[in-house]
Amino acid sequence: MLTIKKNDLETNLLNLKSSSSFIPSLYFLMIIVLLGIVLKVGLSKISEQKKTLADIKSKQAILADKEKTLSQAKDNIIGIFYNPASIALPTENPVLVSFSEVKSLLDLYLLPIDGYSINIGGEVQDQTVVGTTALQVTVFGKMDQVLGFLKDLEKESPLVVVNKLNFSNQKDLLSVEITVNSFYSPFVASKSTVDLPLQKITDSEKNVLIELGNLKQPNFSNPSPNGPFSRENPFSSL
Amino acid sequence: MAEINLYPAGQRQKINWHRFVGAFKTLNLVVTVVFFVTVFVVVSFIILNQNAINRAKAEEESYRNKLKALSGVEFQYMFLKDRAAKAEKVLKTRNVVKNLEDINSIMQKVGDVNLNEVELEKNKLSISASVPTFSSLKTFITEIKSLQSYQKGMIDSLSFSPDKGYVLQINFQ
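Each protein sequence line maps, in turn, to chains E and P.
Numbering of the first sequence is given in the working numbering, commencing with residue 1 and proceeding in unit increments.
Numbering of the second sequence is given in the working numbering, commencing with residue 1001 and proceeding in unit increments.
The shape of chain E in the complex, shown without the other chains (with noise of 0.2 Å):
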């Protein structure tokens, strides 16, 4: 016969009940702690590939932006500017051929040169500054034709600025010594740029860049040569 005593039962009944109790408590308590550890590694995670993610973007819009403007710019503003620019503010001393524009004009304004002194300034290596040569050239002539020749010349490519006129009245004709600037400056590009973003030419850059266009472009000639010329055989005659 089965007889349990009162005692047997309640130890029975309390090692089932710490049984039942600790196993599900410490799974609980494991599921908890994971958790826990699953969200912050998981966000710290999201939040560290939403920030790279963000900084990629912010790039990518940078590098877009810059490769928008440059491919447009390309055909439009480059093709169209390049060449009248380089040639309007030169890297290198354009004083010879400002001269040689000056003395065109003189020539065709018919103002004969009384003297003329160049200074062509110091060599600029910084490319932030803007380098000056000065060209100072005594004319006569009446102020019609001096006007005309002056308004004339800031016309002309290079870029020239009248900075300093002196007049004195010689009976009918003015002597006028007119001192006049050209301008150059070097350019060297900075390196490793591509992540920068670029920086756009303004509309008043780009007005500037029209009206240098629309200054009237050098005159080069090309000098006939000098020969070669039809020999005569020496020893046809014999």
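Check the hints yourself; a few may be wrong.
Stated by the list, open to error - Ranges between beta-carbon positions, derived for each pair:
1. E:Pro218 to P:Asp1156: 40 to 48 Å
2. P:Asn1051 to E:Gln199: 28 to 36 Å
3. P:Lys1092 to E:Glu123: 24 to 32 Å
4. P:Val1034 to E:Asp55: 30 to 38 Å
To be verified - Okay, derived cross-link-like pairs now, DSSO-like style, lysine-lysine, Cα gap no bigger than 27 Å in a straight line:
5. E:Lys59 to E:Lys200
6. P:Lys1138 to P:Lys1122
7. P:Lys1089 to P:Lys1152
8. E:Lys151 to E:Lys103
9. P:Lys1057 to E:Lys151
10. E:Lys164 to P:Lys1066
11. E:Lys164 to P:Lys1057
12. E:Lys68 to E:Lys57
13. E:Lys57 to E:Lys200
14. E:Lys57 to E:Lys45
15. P:Lys1122 to E:Lys103
16. P:Lys1092 to E:Lys103
17. E:Lys216 to E:Lys206
18. P:Lys1124 to E:Lys142
19. E:Lys103 to P:Lys1098
20. P:Lys1098 to E:Lys142
21. E:Lys164 to E:Lys216
22. E:Lys50 to P:Lys1066
23. P:Lys1089 to E:Lys206
24. P:Lys1057 to E:Lys57
25. E:Lys216 to E:Lys74
26. P:Lys1164 to P:Lys1109
27. P:Lys1109 to E:Lys151
28. P:Lys1057 to E:Lys45
29. P:Lys1109 to E:Lys142
30. E:Lys164 to P:Lys1089
31. E:Lys151 to P:Lys1068
32. E:Lys59 to P:Lys1066
33. E:Lys57 to P:Lys1068
34. P:Lys1089 to E:Lys200
35. P:Lys1098 to E:Lys216
36. E:Lys155 to P:Lys1089
37. P:Lys1124 to P:Lys1145
38. P:Lys1124 to P:Lys1098
39. E:Lys59 to P:Lys1081
40. P:Lys1145 to E:Lys151
The set of hints was computed from the structure by calculation and includes no laboratory data.
The beta-carbon is built from N, C-alpha and C at its ideal position, and this holds for glycine as well.
With chain E's structure known, arrange chain P on it following the hints.
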């Protein structure tokens, strides 16, 4: 319907405990489901973000390659910007010829002004002129005062001789 409890009276509280354990197991199940769903969601997000990052990197690389091909154009663009900015400053200094035009138009308006000497710079104008009559002198001074390019003008000297008329020296700055 009444609930029949077959446990002896002394063990009835332990039945409540047993129920609590049962509820706890259900809670464990729920927490487990929540854990796996969370893991799934987090991992999905990470995978999706990683894919987006990879796509963005590929696009970035493609833009970089395009820009490498356009490096010559970029140089020309920067050159143009540099020239435009410098030329803009240079062009702002141009005003001598315009001032000479203004002086010429004043002379034509007054008629009988004879310029003896003129020194014209960007911020400076010095005129020595002779004017035969007082009315011409008055018109000349009125007109020349209207020159916009200079802030102040001063008549340094004014003399009169019956042969030359009025001879005056004006300086503008």
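* Asked: Would the pair lysine 151 (chain E) and lysine 1068 (chain P) pass a check requiring their Cα atoms to be no farther apart than 27 Å?
  -> 44 Å, violated
* **Restraint check for lysine 1092 (chain P) with lysine 103 (chain E), where alpha carbons must lie at most 27 Å apart** => 25 Å, holds
* Is the hinted pair lysine 1089 (chain P) and lysine 200 (chain E) satisfied, with a Cα-Cα distance of at most 27 Å? -> 18 Å, holds
* Given the hint that lysine 1164 (chain P) pairs with lysine 1109 (chain P), test it: the Cα-Cα distance must not exceed 27 Å. => Holds: lysine 1164 (chain P) and lysine 1109 (chain P) sit about 20 Å apart, inside 27 Å.
* State, for the Cβ atoms of proline 218 (chain E) and aspartate 1156 (chain P), whether the hinted interval 40 to 48 Å holds or is violated. => About 42 Å separates the Cβ atoms of proline 218 (chain E) and aspartate 1156 (chain P), which means 40 to 48 Å holds.
* **Satisfaction of hint between lysine 1089 (chain P) and lysine 164 (chain E), Cα-Cα up to 27 Å** => 18 Å, holds
* Is the Cα-Cα distance between lysine 1138 (chain P) and lysine 1122 (chain P) 27 Å or less? -> 26 Å, holds
* Are the Cα positions of lysine 57 (chain E) and lysine 200 (chain E) separated by 27 Å at most? -> Judged against 27 Å, a Cα distance of about 20 Å means the pair holds.
* Hint consistency between lysine 1089 (chain P) and lysine 1152 (chain P) [alpha-carbon to alpha-carbon, up to 27 Å] -> 24 Å, holds
* Quickly compare the C-alpha distance for lysine 1109 (chain P) and lysine 142 (chain E) to 27 Å and report which way the hint goes. => Satisfied, since the Cα-Cα distance of roughly 17 Å is no more than 27 Å.
* Asked: Holds or violated: lysine 1124 (chain P) with lysine 1145 (chain P), Cα cutoff 27 Å?
  -> Holds, at roughly 14 Å.
* 27 Å limit on alpha-carbon distance, applied to hinted pair lysine 164 (chain E) and lysine 1057 (chain P) -> 59 Å, violated
Checked against the numbered hints above, the structure violates hints 9, 10, 11 and 31; every other hint is satisfied.
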